[in-house]
Amino acid sequence: MFLSERRRGQLAALSIAAVVIIVGVPLWWRTTETYRAWLPVSQIKELAKLQLQLSADVEVVFARGTVTPEQQKKVPLTQTQEEERAIDGDLIILFLILLIRNTKLESKFFSCHVLFLPEDTALRYSTQADLYLLAFQDVNVYIGQRRTALLRIGPQMRVGKTLEQLLAHLEPRIKQVLQVMSFSHNDITAALSDRVRFSPDNKESIADSMRAFKSSPGYEITFSLLNPDPKSHRLHWDIEGAVQTYIQPLLTKLSPVANFSIDSQTLYYTMLGVNPRFDTSRSAYTLNADSLAHVINPVEARLGSNAASSNPVLNFLLYVPDAQHSPLYIQGRKKQEVPSNAFHSPRWGGIMVYNVNGFYGSEPEFPVDINIDMAKVMGVFLAQLRLLLGVQSSTPPPGFLVARCGSTGLADWELDRLMWSRSVENVATATTTITSLAQLLDQIGNIVINDNIAQQVSSAVTSLQLAVAELEAGNLGFALQYSKEAILASEKAFFDPSLLHLLYFPDDQKFAIYIPLFLPMCVPILLSLLKIVSEARQRRREKQAKKD
Amino acid sequence: MHVASWFQKCIEILIFYDFQEELVVRPLHSGDIYASFQFRTLWETDFMRGNKVSHYRLFPKSLGQVISKFSVRELHISFTQGYWRTMQWGQPYLPSPPGAELWVWFQDSVTDVDATWKELTNVLSGIFCASLNFIDSTNTVQPSASFKPLGIGNVTDHRFLRYATLPREIVCTENLTPWKKLLPCGSKAGLAVLLKSEKLFHSSFHSQAVHIRPVCQDWQCKTTSWELRQTLNVVFDLHNSGQGKREWSLFKMFSRTLTEACPLASSSKIYIDITDNPEGEQFELSPATSLLSQAMVLGDRRTFSVYDLTQQDTFGSVRSLNLLIRWKSTEGDMLRPLLHAERYVAGYGLQTGEIHTLMYNHHPYRSFPVLLLDSVPWYLRLYIHTLTVTSKGKDNKPSYIHYQPSKDRVRPHLLEMLVQLPPNSVTEVTVQFERALLKWTEYTPDPNHGFYVGSSVISSLVPSTVAMDTNSTRERPLFSSFFPCKEESSYFVRVYTEPLLVNLPTPDFSMPYNVICLTCTVVAVGYGSLYNLLTRSFQIEEPSPGLAKRIANVIRKMRGVPPL
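Going line by line, the protein sequences match chains A and B.
Per the numbering used here, the very first residue in the first sequence carries number 1; after that it's consecutive.
Per the numbering used here, the very first residue in the second sequence carries number 549; after that it's consecutive.
Because the hints were derived from the structure by calculation, they are not lab data.
Quantities reported herein were computed from a predicted structural model and do not represent experimental measurements.
One or more of the hints may lead you astray.
The list that follows gives simulated cross-link-like pairs (lysine-lysine, BS3-like), each with its CA atoms no further than 25 Å apart [as the list claims (entries may be wrong)]: (1) B:Lys696 with B:Lys747; (2) B:Lys617 with A:Lys492; (3) B:Lys793 with B:Lys728; (4) B:Lys800 with B:Lys736; (5) A:Lys510 with B:Lys987; (6) B:Lys666 with B:Lys987; (7) A:Lys492 with B:Lys736; (8) A:Lys214 with A:Lys231; (9) B:Lys696 with B:Lys666; (10) B:Lys955 with B:Lys987; (11) B:Lys876 with B:Lys800; (12) B:Lys744 with B:Lys728; (13) B:Lys666 with A:Lys231; (14) A:Lys175 with A:Lys231; (15) B:Lys955 with A:Lys231; (16) B:Lys729 with A:Lys231; (17) B:Lys728 with B:Lys747; (18) A:Lys49 with A:Lys214; (19) B:Lys876 with A:Lys231; (20) B:Lys617 with B:Lys728.
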């Protein structure tokens, strides 16, 4: 069929428009598109809600004579206690408590030994020296160094009570024991401090949670001896020995939580940032609590950052005041003397002032050789280290007696407590990082997502899911391990430099560059399309007129 | 008993740790003055064992951590502003090329040397606030012969050596401050008090360096220790800093005087080179000192006046030491250095060029071999077949050549050769090159300034001037002077040439946008005519009447007559 010339032109225009729209635009779109690998967005969204289930297994052992054999048989094998706590909206914490009637001792579980102890039988019964302590009448619960706690029930609970009554009586106290030995609501809130907005009334807990260092896979501990006056004092400190004796046992115990590395240095001519005031009444120099905040800055410039790793540094400074400003004492807020003569700065470290003018003798001949008493110094630093690492020594409820920590400086259950809060904190941090990365990538369209980033993100998500599952199952060690892996992977993805490559190449510039091509191409197409449409309309109108 | 134990402890500390400081001042015949500081810290430790807990006393912690983390055997880093004028000033005590230079020997336990090197340069750039992070594989070489370990240990496998220079690096206060922080006394006491940046950088030459190497503690080498040498060399200009007067003092140079030694230093001394001034006819030195010391320095027997800062009477009654050097005559000349070198680019246009390296041997009758090391970036493509070495108009065949060709964007050219320099001659090494075109993102921020090519390094054992002096019967008995003594017969010297500044063909950087616009316009024009052809409907049209006919028609219309 022979088309009219006019018709042929229209068809050509239409087909060119079709080719441009069907082939040209998608081709251009594909070739100028930024590469974005697939991310597990739905899983991230699920994680962002952070539904954590924490569970702690408890083994309750009734000592001989506490329950009758018939009652013993009737004790339920396991009993699950759940407690739901919502922290700031979508975070739900479930406490799971398992009661097990087993008499076997397994160190993996917390165990509560329930004892009936009339005063006179106490010593006869006890095989451990610890039990002796329970003989004191006002101590009802004794928490040992390992994961064991002893509960005493009074004689009134023993006689003629059913097992149900006994259990009902025990339950709140076991819960209390658990809060001391594993985790309490406050600990979890503190661990989640990054995500949770604090209400102004619990300032105390903010201060507590701000004191400890953020969870990190490793820490660098640096002991610095500051000698501002090497002309007068020649200081010797046996830091190698002191670290071996005092610090290393604690760190060995803490090794499941993080890697630690220790070093020490001596700095000369380092001054504090504040001039101490002379107190005539005590003929000594004093530093006020208010001015302590200004002490650290000038010293820190000399401390030097750790060149070899990016882990946070815990600084412990031993400051020996110069001969002209000696002795130097730190004054508390109420003008009283601080007995340790030391203070700590949250998430930074501790400073101890060590006065040496007692070594001068009657006629000092400068420089004076001074051997520093490391036991005294390390006692203070060890206490500060515990605080800064977040080994909380919260005051136990009344009636509780906590065993003194032994040579390691850390009880088993304290380590567990730390591991609970560290795992929760790691999970929270990693989730926040991965969620904000996902949001960022979602909002800014021209960030390139490499396969390697996508892989990091998915491995972080997998580790997070595993960590959450392990927390649920109560496997602390694995939970901590996976949460650490999640943190590492998420940070690696978040700080990957390849994310920045095209960030400064916005869309409007891209369009501006292509305008010389697009404008001359689109204008004739649009015009001819408009013409075709208007002609078609004209024809229809004419047809209509003919019909009429 | 306490006193005894303290005493013992003191001895221990003295053995384990040691710190020395030293300043050498050499008045130059040009009227300029050369001051060279050296600070040496010793740290006795078993460096081969991977010791995790590390305790530092005098040794700076940051460097100690770097050494142990990256398993460094030796580390040499220098930052230099200005070029050392060998012909005017003689040989420096510690030579260094302009810009930054870093060379490191790793321990043979390091498996991935390149990755460790990359990480190390990043850490060092943080420590010294310098752009050492720009060191990558394109400017790193592994010299086979020029850089041997200076400390103990006989590892000479150059797989564990990395050498890089950044000739463009600007050295300023921000590099000096971290350098001073490494000193045990900081800049609070001792010689380091003199190191004020506003004076040090107002000079014609400034070079600061850090050298770490393992050394023996005793002659049997039973114990080893790390040696950290921090050096700072500065040349003050006669006209710039000295206001044209040939008179120098510590205060004029550094705007400080000395009041004490660093209390931690076991020795703290100032040496003034008075070799050319035995009777005080050239310059006058005050306060005078009776302490003299002789030393073999750079093949020459030099005499120094010594001021010991650990002695109280050095400071005199005013309790401060301000050394004064006043020149009496402007005559006399310096002994010319036996070896010196220069380098330049020849050629015209932006396509090819030629690098000329000239090496001068000023020894009147002795020839000696030199090792020449050239590291040329990949964007200058060397034509190695055009390499010629000529001395005295004759071809001089190098006895050893190590050449590693470059790979584009991966590694530079490395050319090392051993050349014998004939006595009293100039040896010229030339090689032609072609300039490569870079990708537009590879240009530096100011590409029209040109691209730097690092200095050539010439290392050599030069016959000493003492051995040259054949009738030196003044001091030595006859029986000792017939055969030249081995230790005095030659000395090691390293000479750096100037860095080169080469222009590369530089495009107009708005070019990509222009190209896009131009192509788009061409495409649009082509497309437009094609579109026109395809969519227009063509009709046969009456041929239009000619111009004469149209004019006639207009006239006819005006007359009211029907048109033609």
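Hint by hint, here is what the structure shows:
For the given pair, B:Lys696 sits about 35 Å from B:Lys747 by alpha-carbon distance, which is inconsistent with the 25 Å threshold. Distance check on the hinted pair: B:Lys617 and A:Lys492 sit about 21 Å apart at the alpha-carbon level, within 25 Å; holds. Only pairs whose Cα atoms come within 25 Å are accepted, and B:Lys793 paired with B:Lys728 is rejected, the gap being roughly 30 Å. Distance check on the hinted pair: B:Lys800 and B:Lys736 sit about 20 Å apart at the alpha-carbon level, within 25 Å; holds.
Of the pairs offered as hints, the one joining A:Lys510 and B:Lys987 holds, with about 21 Å between alpha carbons and a cut-off of 25 Å not exceeded. Distance restraint check for B:Lys666 and B:Lys987: the Cα-Cα separation of roughly 24 Å lies within the 25 Å cut-off, and the hinted pair is therefore satisfied. For the hint linking A:Lys492 to B:Lys736, the alpha-carbon distance of about 42 Å lies beyond 25 Å, and the restraint is violated. Taking the CA atoms of A:Lys214 and A:Lys231, the gap is near 40 Å; set against the 25 Å cutoff, the hint is violated.
Note on B:Lys696 and B:Lys666: the hinted pairing holds, with a Cα-Cα distance of about 21 Å set against a maximum of 25 Å. Between B:Lys955 and B:Lys987, the direct Cα distance comes to roughly 15 Å. Compliance with the 25 Å bound is thereby established for this hinted pair. For the proposed pair B:Lys876 and B:Lys800, the alpha carbon gap of about 18 Å is at most 25 Å, so the pair holds. With a C-alpha separation of about 10 Å, the suggested pairing of B:Lys744 with B:Lys728 holds against the 25 Å cut-off.
For the proposed pair B:Lys666 and A:Lys231, the alpha carbon gap of about 41 Å is over 25 Å, so the pair is violated. At roughly 60 Å between alpha-carbon atoms, A:Lys175 and A:Lys231 are farther apart than 25 Å, so this suggested pair is violated. Taking the CA atoms of B:Lys955 and A:Lys231, the gap is near 57 Å; set against the 25 Å cutoff, the hint is violated. A threshold of 25 Å between alpha carbons decides the hint, and for B:Lys729 with A:Lys231 the separation of about 19 Å falls inside it, so the pair holds.
With a CA separation close to 15 Å, the supplied pair B:Lys728 and B:Lys747 stays within the 25 Å bound. A C-alpha spacing of about 22 Å is found between A:Lys49 and A:Lys214, which places the hinted pair at or below 25 Å, so the restraint holds. A threshold of 25 Å between alpha carbons decides the hint, and for B:Lys876 with A:Lys231 the separation of about 40 Å lies outside it, so the pair is violated. For the suggested pair B:Lys617 and B:Lys728, the alpha carbons sit about 23 Å apart, so the restraint of at most 25 Å is met.
Going through the hint list in order, the structure does not satisfy hints 1, 3, 7, 8, 13, 14, 15 and 19.
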